[in-house]
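Chains as they are written, first to last, in my numbering: chain A, 1273 to 1452; chain B, 39 to 139.
Simulated from the structure, these hints should not be mistaken for lab results.
Glycine residues also receive a C-beta, built at the ideal position from the N, C-alpha and C atoms.
It cannot be assumed that every hint is accurate.
[Claimed, not checked] These stretches of chain A come out as covered by chain B in the derived footprint (C-beta under 8 Å, 3 or more residues):
| hint | region |
| --- | --- |
| 1 | 1288-1299 |
| 2 | 1302-1314 |
| 3 | 1317-1324 |
| 4 | 1333-1339 |
| 5 | 1364-1373 |
| 6 | 1406-1419 |
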Amino acid sequence: MIDLLFYVFAAITLISALLMVVSPNAVNGAICMIISFISTAALFVLLEAYFLAVIQVLVYAGAVMVLFLFIIMLMDVDKDTSRLIKDKLTLAASIAGFSLIVILMCAAFASGEHLPETALLPVLENPTGEGIGIPYTTSAKSFGYSLFTKYMLPFQVTGFLLLAAMIGVIVVSKKHVENS
Amino acid sequence: MTVGLNAFILLAGLLFAIGLLGVILRKNTLVIYMSLELMLNAVNLALVAFSRYNGTMDGNLFVFFIITVAAAEVALGLAIIVALFRLRQTVMVDELTSLSR
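Please construct the entire structure, taking both the sequences and the accompanying hints into account.
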């Protein structure tokens, strides 16, 4: 049953991502992108990363894609849909590169002989915090525990990065005023 | 669930390939940017799968940081695209070649 769910959500993710790439209308592409992100969140649920699934839906499918849709509708860039792709040579080259990567991925991972098939480990309900590595848990408490112990410095750096991004966005999107 | 790690890595690789196809094929800057987000998403999926099958929390924390940085990056990139559109009235990459002349 859960295996069937994996295949269904994997198919939805791949098909909607492909529709996003080939869709001539950018708004339709953004909607396909939202579907792809939500089914990726469903795959996170299948991997028992519930907190990340919620974050994925809130941040990616919510905030990021709404920002994209807002900018697409603000710009109205779909006036001429005649010249979507660059030229014939670019089309042939990109399709050749895409098929090369697909063949490589299928040869490496579809047969299942190269990587050992590891079994799913049991999941703890609560983090213990003992030992060096933090074991895989389903609770959001372990995120807070890891963020404030092992990943304290990256957490602070990410905060400064968000501050810098905010100031940068304000500076870049401000209307340029001529100095008199 | 009896689906192994290989299936998740294959799915993440195919998603990454689709994102790469979008980046090198399309001309609209916004669609190129969405394809970049798709590639980041594929890496997130691979990291969560490795974390789950390895039994440690570190991959999940990486994905947490990647989502944070991606949100900041999208805000900044879209601001740059809006400034470019205000200056040149287009977002098609084949018309934004003023540096090569």
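So which of the earlier hints does this model not fit? none
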